[in-house]
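Asks: Each chain is listed here by its residues.
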Amino acid sequence: MPDLPILDLTLAAALLFTGWRTLAAPDLFKAVVLFIVFGLFMALAWARLEAPDIALAEAAIGAGLTGALLLDALGHLRARRHGRSLQDPQP
Amino acid sequence: MSAWLDPVPWLILLPLIWATLAFILGPRRGGRLAMAGLAIQLGLAVYLATQMMATGPRVHSLGGWGAPLGIDLLADGLAVAMLLLTQIAALPLVIYARAYFSASSTASAPQWEGAPRRMVPSDQFWPLTGFLLAALNALFLSADLFNLYVTLELLTLAAVGLVALGGKPSQVVAALRYLLVSLAASGAYLMGVALIYGTYGTVSIAHLTPLIGTQPPPAIWLAGGLMMTGLLAKTALFPFHFWLPPAHGGAAAPVSALLSALVVKASFYLVLRLLLEPLAPMAEAVSWLLGLLGAAAILWGSWQALATRHLKRLVAWSTVAQLGYLFLIFPLLAPDGLALQAGVMQAVSHGLAKAAMFTAVGVLMLATGRDTLDGLAGVAGRLPLTIFALGLAGVTLMGLPPSGGFLAKWLLIDAALGQGQWPWLIIIIGGGLLTAAYVFQVLRQSFLTAPESTHFQPVPRSMEWTAFMLAAASVLLGLRGVEWIELLAVV
Amino acid sequence: MNALLRGCTVLACLGLGLGLAWSMLELPPAPIQMPGLVASHMDQSGVDHPVTAVLLNFRGYDTLLEVAVLLLALLGMLAAGTTPLHASSFKEAPMLTALARALTPIAVLVAGYLLWAGAFKPGGAFQAAAVLAGAAVLLRIAGLLPSWTTPADGLRLALAAGLLVFLGVAASGLALGGLLAYPPEWAGTLILLIETSLTVSLALILAGLFLAGPDSRPPEEQS
Amino acid sequence: MSTGLLYAMTGVLLFVLGMGGLFLRRALMTKVLAFNIQGSGAFLVLVGLGQRSGIPDPVPQAMVLTGIVVSVAATALALALIRRLADNDMGTGDEP
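Residue numbers (our numbering), protein chains in the order written: chain Y, 1 to 91; chain C, 1 to 491; chain G, 1 to 223; chain L, 1 to 96.
In case anyone wonders, no lab produced these hints; they're calculated from the structure. In this text, a Cβ means the ideal position worked out from N, Cα and C, and glycines have one as well. Heads up, some of the hints might be wrong.
Claimed, not checked - Listing some non-contacts, in silico: residues in chain G with all C-beta distances to chain L over 12 Å: (1) L71; (2) L74; (3) M95; (4) I106; (5) L164; (6) E185; (7) G188.
To be verified - Covered by chain G, per the in silico footprint, the following chain L stretches (three or more residues, Cβ under 8 Å): (8) 15 to 21; (9) 30 to 40.
Could you put the whole structure together from the sequences, leaning on the hints where they help?
Replies: See the structure below:
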């Protein structure tokens with residue numbers, strides 16, 4: 001597949017890697033930071049897909065606002081539970 | 001005819017408007033707004049039904065563009081039947097809710113450990129209910145797969161907010177579980193929509209049905225599978241039922257009634273609509289699976305209802321079981337339309353009967369201050385109307401004549417016999433017997449004599465009467481079955 | 001959860017992923033091509049940017065319901081009883097305060113630009129609202145904005161104003177033959193009206209997702 | 001393979017990754033992250049597959065904008081409920 005630009009392949013790999021690490025990270029703070037990075041890669045992917053509106057929204061809302069919400073919730077959990085993460089009561 | 005007078009858009013606009021106003025004006029005016037809005041909505045739904053019987057299905061092009069560029073609303077027999085159920089069940093429920101919230105705030109409101117403030121549950125009940133009803137009406141009328149995704153999310157968020165209403169720990173846990181299941185399910189649905197858009201370039205159901213035809217590519221099979229799985233999880237069909245008993249069993253009584261009577265029916269309606277129209281080629285492949293899951297739901301749900309000692313849990317498990325009947329229709333769907341009529345009749349009669357049951361149970365819990373079967377002793381003497389309502393709703397669920405439930409099961413048995421699929425009869429009749437067992441368990445307990453020390457809280461009469469009216473409607477529905485069946489014939 | 005079940009779940013997810021990927025490989029071109037259809041109706045849409053035209057005109061109904069979804073998130077939070085932004089760990093940070101003071105006017109300018117740009121290039125109400133909400137959150141973290149209790153009357157009106165304006169425009173479209181129908185010569189103005197009111201309300205809602213706090217008033221004042 | 005199709009493939013993998021995370025991870029916060037990744041995957045498929053011929057298509061782009069906002073709303077509600085749960089000191093994994 002010679003017509004595939006290296007940039008797109010790298011970006012796809014980066015998305016998959018950060019996505020996977022986000023979910024695999026045992027430390028929630030690390031997971032949230034990785035998720036914000038994932039959101040920024042998503043914004044780049046939207047730009048590559050000629051969707052600048054979504055790129056803008058993803059950066060502002062997807063990564064920015066969701067990231068802030070996540071960090072805020074995490075800070076709250078840390079304060080209340082001394083870092084113990086909340087678990088789903090049933091498997 | 002001027003579009004001003006078209007009831008189709010107003011059925012969506014009106015609840016959106018009163019929900020927003022209820023939020024702005026605050027809870028005290030919310031109840032009145034809700035009642036006024038719903039009364040008009042009920043009128044509109046009846047008007048739409050009569051109009052449609054005369055002139056056939058209605059299409060309303062939003063923005064005047066028309067699919068595939070714009071979004072179309074479609075009111076056909078199936079959609080209007082569900083709209084009627086929604087407004088008919090919701091109007092008594094908001095009357096009930098007004099009395100319920102004023103009664104439960106004057107009665108000793110349960111306090112729990114570490115409660116940060118005294119909750120006033122009705123604060124957000126009215127706007128949440130308004131958005132919930134708007135989502136339901138919008139969902140029944142939408143003819144656009146992506147728009148349906150948005151209505152599903154609207155419905156989910158409204159329903160989750162209602163489950164969490166009051167903020168008791170058990171409610172928050174149930175709401176969160178419900179939200180996560182619903183979000184995963186919506187994600188699966190959206191993936192299916194993405195594949196369909198990618199394949200055909202449109203999400204308009206009317207355009208997709210001929211395009212998909214009879215031999216769709218593998219991508220559409222996978223899309224259909226994802227969408228079906230997501231919708232079944234939202235309908236709480238066995239084995240996806242696990243989220244339902246805590247959510248419906250833990251919420252405030254009017255909320256449980258709204259959720260069990262209406263919200264789970266919405267995703268069932270979508271399964272039916274999709275398998276009848278765009279995904280018809282899949283119907284044959286999955287109908288048996290759906291029927292078997294329905295049968296399992298009937299047996300397992302009824303069994304659990306029989307085993308529990310908690311009143312609301314019992315009614316919630318009964319919902320799991322009764323939803324199973326809805327899915328028995330899929331292996332029996334045939335051009336004669338019997339199974340479809342049975343499905344809609346079951347959805348409507350269960351909707352009314354379950355609303356009656358949850359409201360009646362709410363009355364009992366308010367009176368006894370407890371949520372257990374054991375606490376019921378002596379209730380029959382004190383609240384005979386409520387116990388009568390509970391019994392009437394039980395008649396519908398069991399499927400005894402002349403109730404709507406009887407008509408539904410009769411049509412189902414007729415369809416099964418007509419196609420020589422008699423094994424379903426065992427499930428239908430067995431489920432009815434199990435239902436009778438758990439309904440009688442409640443009734444028997446309520447007729448026991450109460451211990452001397454028992455103290456009953458007074459309950460507003462309007463709550464008892466609304467429960468009774470819902471139950472009576474579910475029974476009398478059987479006598480008006482012909483009209484509903486004629487309505488369904490409008491396609 | 002036992003290892004076997006985990007393994008099966010992983011395998012099922014992998015299988016689904018491979019199946020989906022394979023099914024997309026040999027799809028024929030779509031029979032309906034929307035880009036052409038949208039382009040041919042742009043002159044009636046009232047705006048020059050195709051995405052905005054779809055978002056607020058052709059499929060404006062989706063956007064109307066989406067605004068309701070966002071308001072519902074806030075309603076759900078209030079219904080469950082919320083807790084305020086965990087700001088204690090950020091206190092005593094003069095740098096942050098200075099930063100918040102400096103960035104807020106810039107955020108307002110950027111939001112205004114995004115709103116105005118939406119008519120003919122990327123941008124629009126949602127992006128603008130996110131920027132404004134970001135500024136509000138920064139102000140809150142810096143301690144320059146109070147936490148909300150249950151939103152008061154005026155605030156509730158502002159939160160819902162965007163949706164109300166949108167609903168009003170949608171309903172008046174009925175006079176022209178359909179919900180959300182705009183007369184072509186007015187479409188641009190109406191879209192700008194909707195977007196402006198949405199920007200304010202959405203920014204407040206998004207900020208509210210951070211700022212909404214528990215009601216500390218005594219019970220008798222509530223009801 | 002076109003750019004659109006490449007990102008659609010990536011989207012499929014992200015979708016199943018998120019799905020797996022929702023099923024397998026028990027921490028509630030991680031489930032919320034997983035739901036967001038699942039959604040992002042579906043969004044990539046919606047736009048990527050729609051644009052596999054290389055022509056930008058405003059319709060799925062607008063749909064994804066709607067979807068992103070809906071996701072944020074759902075995420076905010078989920079996080080609010082999680083915070084509420086933390087306040088109530090419940091749902092620690094040993095609760096029934």
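Asks: Evaluate each hint against the coordinates.
Replies: Going through the hints against the structure:
1. Its beta-carbon lying about 9 Å from the closest one in chain L, L71(G) breaks the requirement of being farther than 12 Å from that chain.
2. A Cβ of chain L approaches the Cβ of L74(G) within 12 Å, the least distance being about 8 Å, so the stated non-interface status is violated.
3. Distance check for M95(G) against chain L: the nearest CB is about 27 Å away, which clears 12 Å, and the non-interface claim stands.
4. Look at I106(G): its CB is around 23 Å from the nearest CB on chain L, clear of 12 Å, so calling it non-interface holds up.
5. At the 12 Å boundary, the C-beta of L164(G) stays outside the reach of chain L, the nearest C-beta of that chain being 18 Å off.
6. Separation of E185(G) from chain L is adequate, the least Cβ-Cβ distance of about 22 Å exceeding the 12 Å criterion.
7. Residue-level check passed: G188(G) sits 17 Å from the nearest beta carbon of chain L, beyond 12 Å.
8. Here's how the segment 15 to 21 of chain L fares: 5 of its residues keep a CB closer than 8 Å to some CB of chain G, so the rule of at least three is met and the hint holds.
9. Given a C-beta distance limit of less than 8 Å, the hint that chain G covers the segment 30 to 40 of chain L is violated, as 0 residues qualify and 3 are needed.
When held up to the earlier numbered hints, the structure conflicts with 1, 2 and 9 and fits the remainder.
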